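Visitor: This is what each chain is made of:
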Amino acid sequence: GQNIDQPTEMTATEGAIVQINCTYQTSGFNGLFWYQQHAGEAPTFLSYNVLDGLEEKGRFSSFLSRSKGYSYLLLKELQMKDSASYLCAVRATSGTYKYIFGTGTRLKVLA
Amino acid sequence: GAGVSQSPSNKVTEKGKDVELRCDPISGHTALYWYRQSLGQGLEFLIYFQGNSAPDKSGLPSDRFSAERTGGSVSTLTIQRTQQEDSAVYLCASSKSGRETQYFGPGTRLLVL
Chain A
2 GQNIDQPTEM TATEGAIVQI NCTYQTSGFN GLFWYQQHAG EAPTFLSYNV LDGLEEKGRF
62 SSFLSRSKGY SYLLLKELQM KDSASYLCAV RATSGTYKYI FGTGTRLKVL A
Chain B
33 GAGVSQSPSN KVTEKGKDVE LRCDPISGHT ALYWYRQSLG QGLEFLIYFQ GNSAPDKSGL
93 PSDRFSAERT GGSVSTLTIQ RTQQEDSAVY LCASSKSGRE TQYFGPGTRL LVL
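Going down the list, the sequences are from chains A and B. Counting from 1, position 41 in the first sequence corresponds to residue 42 in our numbering; the numbering is continuous, with no gaps. Counting from 1, position 43 in the second sequence corresponds to residue 75 in our numbering; the numbering is continuous, with no gaps.
The set of hints was computed from the structure by calculation and includes no laboratory data. Careful: at least some of the hints might be erroneous.
What the hints assert, rightly or not - Label-pair ranges, simulated between beta-carbon atoms:
no., chain 1, residue 1, chain 2, residue 2, range
1, A, S68, B, N84, 34 to 44 Å
2, B, K47, A, G16, 40 to 50 Å
3, A, I18, B, E46, 43 to 53 Å
4, B, R54, A, E42, 17 to 27 Å
5, A, A112, B, E100, 44 to 54 Å
6, B, E132, A, G54, 14 to 24 Å
7, A, A112, B, A86, 48 to 58 Å
Claimed, not checked - Here are a few chain A residues that face chain B, going by a calculated C-beta distance under 10 Å:
no., residue
8, I5
9, Q7
10, G29
11, F30
12, F34
13, Q38
14, P44
15, T45
16, N50
17, Y73
18, S86
19, L88
20, R92
21, K99
22, Y100
23, F102
For clarity, every value in this text was computed on a predicted model and none was experimentally measured. Each residue gets a CB set at the ideal place from its N, CA and C atoms; glycine is no exception.
Based on the provided sequences and hints, a complete structural model is requested.
Guide: If you want it as structure tokens, here you go:
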């Protein structure tokens, strides 16, 4: 079947570093995406990994290991505005480019 | 440029009524997706359109749900004989193609009383 797992909630302190893990089992793989979703708003794109390794974009980095079915999103120098849900999604290729989303990780950044 | 737009932004309906939700994708985007997000949950895939190909309807939860995309642009998601469990946020996303990053609209918040 198709399954994506990520922690339900995490809490961190302003200025700290937090790592949000995501493991997946899908039929076919054509990329892993991270989205940020503030309460009551639509998801916004953060990062995309299709090859193994680390992709860095400012304070955010995302890592992928296809052999392990594992990814993480690393947030550095946390700010209060980073309090949001972070959604891991895999683009599967079972004939069509369908996205499978995890349930999201709610991150609370405390002062 | 303009992003993905959806209407209405909020919809309250009575159980048993039909509703239509509209999505205007980003101009030139050939791929269009519909998702459902229940309170505190992740996104549930509903349907995917890619150009003129037959849509992937594998996520539609029942035959009360249908969607169409006219002229390769605007899409309408129809829910017939709504039930209270249909209450959720319905999100639309579009991308240049199935291989490209998808961008989300603001969603339609549906409440079935």
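Visitor: Hint by hint, note whether the structure agrees.
Guide: Each hint, compared with the structure:
Separation of A/S68 from B/N84 is about 37 Å and conforms to the stated range, judged on CB atoms against 34 to 44 Å. Hint check: B/K47 to A/G16, Cβ distance near 49 Å, so the stated range 40 to 50 Å holds. For the pair A/I18 and B/E46, the beta carbons lie near 49 Å from each other, so the given range of 43 to 53 Å is met. In this structure, B/R54 and A/E42 meet the distance hint of 17 to 27 Å, their C-beta atoms being roughly 19 Å apart.
Taking the beta carbon of each, A/A112 and B/E100 are about 49 Å apart, inside 44 to 54 Å as hinted. Our hint of 14 to 24 Å for B/E132 and A/G54 holds, since their Cβ atoms are close to 21 Å apart. The hint said 48 to 58 Å for the Cβ distance between A/A112 and B/A86, and at roughly 52 Å that hint holds. Checking A/I5 against chain B by beta carbon gives a least distance of about 8 Å; that is within 10 Å, so the hint holds.
Taking 10 Å as the C-beta cut-off, the interface hint given for A/Q7 holds, the closest approach to chain B being about 9 Å. For A/G29, the interface hint is violated, since its Cβ never comes within 10 Å of a Cβ in chain B; the closest pair sits about 12 Å apart. Here the hint on A/F30 is broken, as its CB sits about 13 Å from the closest CB of chain B, past 10 Å. Taking 10 Å as the C-beta contact cut-off toward chain B, the hint placing A/F34 at the interface holds, the least distance being around 7 Å.
For A/Q38, the interface hint holds, since its Cβ comes within 10 Å of a Cβ in chain B; the closest pair sits about 9 Å apart. The interface hint given for A/P44 is met, as the beta carbon of that residue sits about 5 Å from the closest beta carbon of chain B, less than 10 Å. Taking 10 Å as the C-beta contact cut-off toward chain B, the hint placing A/T45 at the interface holds, the least distance being around 7 Å. Nearest Cβ of chain B to the Cβ of A/N50: about 12 Å, over the 10 Å cut. The hint is violated.
For A/Y73, the interface hint is violated, since its Cβ never comes within 10 Å of a Cβ in chain B; the closest pair sits about 17 Å apart. For A/S86, the interface hint holds, since its Cβ comes within 10 Å of a Cβ in chain B; the closest pair sits about 9 Å apart. The beta carbon of A/L88 is positioned within 10 Å of a beta carbon in chain B (closest approach about 6 Å), and the interface hint is therefore held. Because the beta carbon of A/R92 sits about 8 Å from the nearest beta carbon in chain B, less than 10 Å, this interface hint is met.
The criterion of a C-beta within 10 Å of any C-beta in chain B is met by A/K99, whose closest approach is roughly 6 Å, and the hint holds. About 6 Å separates the beta-carbon of A/Y100 from the nearest beta-carbon of chain B, less than 10 Å, and the hint is met. A least Cβ separation of about 4 Å between A/F102 and chain B falls short of the 10 Å threshold, and the interface hint therefore holds.
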